[in-house]
Amino acid sequence: MALVTTDYWPQGDFVANSLGMPGVPRVKLPHPVAGSGVANMRSIARQVLPAIIQALAGETPNAALQDS
Amino acid sequence: MSTLLQAADEHAALEALHARGCTDGLPVIIPTAPRVSRMVLASGMDADMVLGTMGPAGGVATVQQVAVAAVMAGCLPDYMPVVIAAVKAVIDPVFDLTEMQSTTHCTAPLIIVNGPARHNCGPIASGFGALGPGFRANASIGRALRLTMINIGGARPGESDMALLGHPGKFTYCLAEDEENSPFTPLHVALGFAAEDSVVTVIGAEAPHSVIFSGNADDPLNHEHLLELLAIGLTNLATNNAILGNGAATVVLNPEHASILAGAGLDRQQVAEKLYALCVHSTAEMARLVPGFARASSSSTTRHSFQSPADILILMAGGSGIYSMVMPSWCAGAHRNSPSSVKVEADQFCELPGLSATTGKPT
Chain A
1 MALVTTDYWP
11 QGDFVANSLG
21 MPGVPRVKLP
31 HPVAGSGVAN
41 MRSIARQVLP
51 AIIQALAGET
61 PNAALQDS
Chain B
1 MSTLLQAADE
11 HAALEALHAR
21 GCTDGLPVII
31 PTAPRVSRMV
41 LASGMDADMV
51 LGTMGPAGGV
61 ATVQQVAVAA
71 VMAGCLPDYM
81 PVVIAAVKAV
91 IDPVFDLTEM
101 QSTTHCTAPL
111 IIVNGPARHN
121 CGPIASGFGA
131 LGPGFRANAS
141 IGRALRLTMI
151 NIGGARPGES
161 DMALLGHPGK
171 FTYCLAEDEE
181 NSPFTPLHVA
191 LGFAAEDSVV
201 TVIGAEAPHS
211 VIFSGNADDP
221 LNHEHLLELL
231 AIGLTNLATN
241 NAILGNGAAT
251 VVLNPEHASI
261 LAGAGLDRQQ
271 VAEKLYALCV
281 HSTAEMARLV
291 PGFARASSSS
301 TTRHSFQSPA
311 DILILMAGGS
321 GIYSMVMPSW
331 CAGAHRNSPS
341 SVKVEADQFC
351 ELPGLSATTG
361 KPT
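Line order of the protein sequences matches chains A and B.
Just so you know, the numbering used here puts 35 at position 35 of the first sequence, and the rest follows in order with no gaps.
Just so you know, the numbering used here puts 290 at position 290 of the second sequence, and the rest follows in order with no gaps.
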């Protein structure tokens, strides 16, 4: 399962397709995350946690895209 | 296997190639079947011979597909052995091509050519302005490699090539070492090849950074000052090499600067050792400015920018004067921006005298 920020979402698609895994679960994060401060990162983590769990459980592969 | 496209004429073909993202943005020579066949013939290899795969798309690089890129780039058939060697060099796992193509860093493959191929497969310029415009072999060999990285490797800006800005060397970045005038052993000999070998060395590199130094023969510390300035340029604290503390990087000494160092009794290895010793930074300064990347250090108050002197590639090229060039690097990837060297297999080359590379007609 991959966490991918909005600006790098096309690259995630490209890599997944290139590796023959177009359906690999991905969860979308806002961009940027790095350097945005601990409080913001905790907030993002809280928002996307359900989508991550769903993706890991295989319940909604590649559909549980969280546009934060 | 290549896909044969159809177009009404060369103009339409060019626009179609642009529209498909198959170019570098500049006009290309249309890779018609006869032109590609001629380029394959020049290589002396089978068209279907597989050189390897190129990431991030994982495309299979055959001699024919490399020939397509060489035609598009404007190469003469004479250049094919060098182009093939450059492609082999970036395909070598040590080069980390997939990661290199995908990084947000601006890195581009710098092609350094040593040995007789500089003359036989060119001429590939090594003097004044060698990294600038005006030299067909330099321009088209580097461009051919880039076109393979686009069309076989699948590099597309903002989609798979995530360089935030890139640099002009991503169009072409190729030069030869001026072995004849260098006071040092050639780069490829230092890397373990025989002097009579032709070798292509490729290393991921930032754009050239100029280092100014006006020598003073009356100053006994003349060479030391030059080395200090080269070190400042090579791994200033804003470079990946300084912050990540590894990777390989390039120093291109102009003849005047090379002469100063050689005149002080230094050989290539000693220059590298001195630069290695000078490329150090305060761990406290790194922690202050870039805490996210500054690795926790033990008791040491300084850290080297390279892991060994061998990580500093030194060659002599360019006109004589007060400017040398340094190219810091990305230095991430599993192999930490290692250079990759491949011997040019020119013995299989098939010379096609008196024929135009682009038309196949007698000239």
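Derived from the structure by calculation, the hints contain no laboratory data.
Among these hints, one or two may not hold up.
Listed next, with one range per pair, are the computed distances between beta-carbon atoms [to be verified]:
#, chain 1, residue 1, chain 2, residue 2, range
1, B, Ala287, A, Met1, 27 to 37 Å
2, B, Ala238, A, Ile53, 38 to 48 Å
3, B, Ala310, A, Asp7, 50 to 60 Å
4, B, Pro168, A, Asp7, 20 to 30 Å
Covered by chain A, according to a simulated footprint, are these stretches of chain B (three or more residues, beta-carbon under 8 Å) [to be verified]:
#, segment
5, 158 to 167
6, 258 to 270
Don't be surprised by glycine CBs; every beta carbon is placed ideally from N, CA and C.
Compare the structure with the hints numbered earlier in the document and write down the numbers of the violated ones, lowest to highest.
Numbers 3, 6, in rising order.
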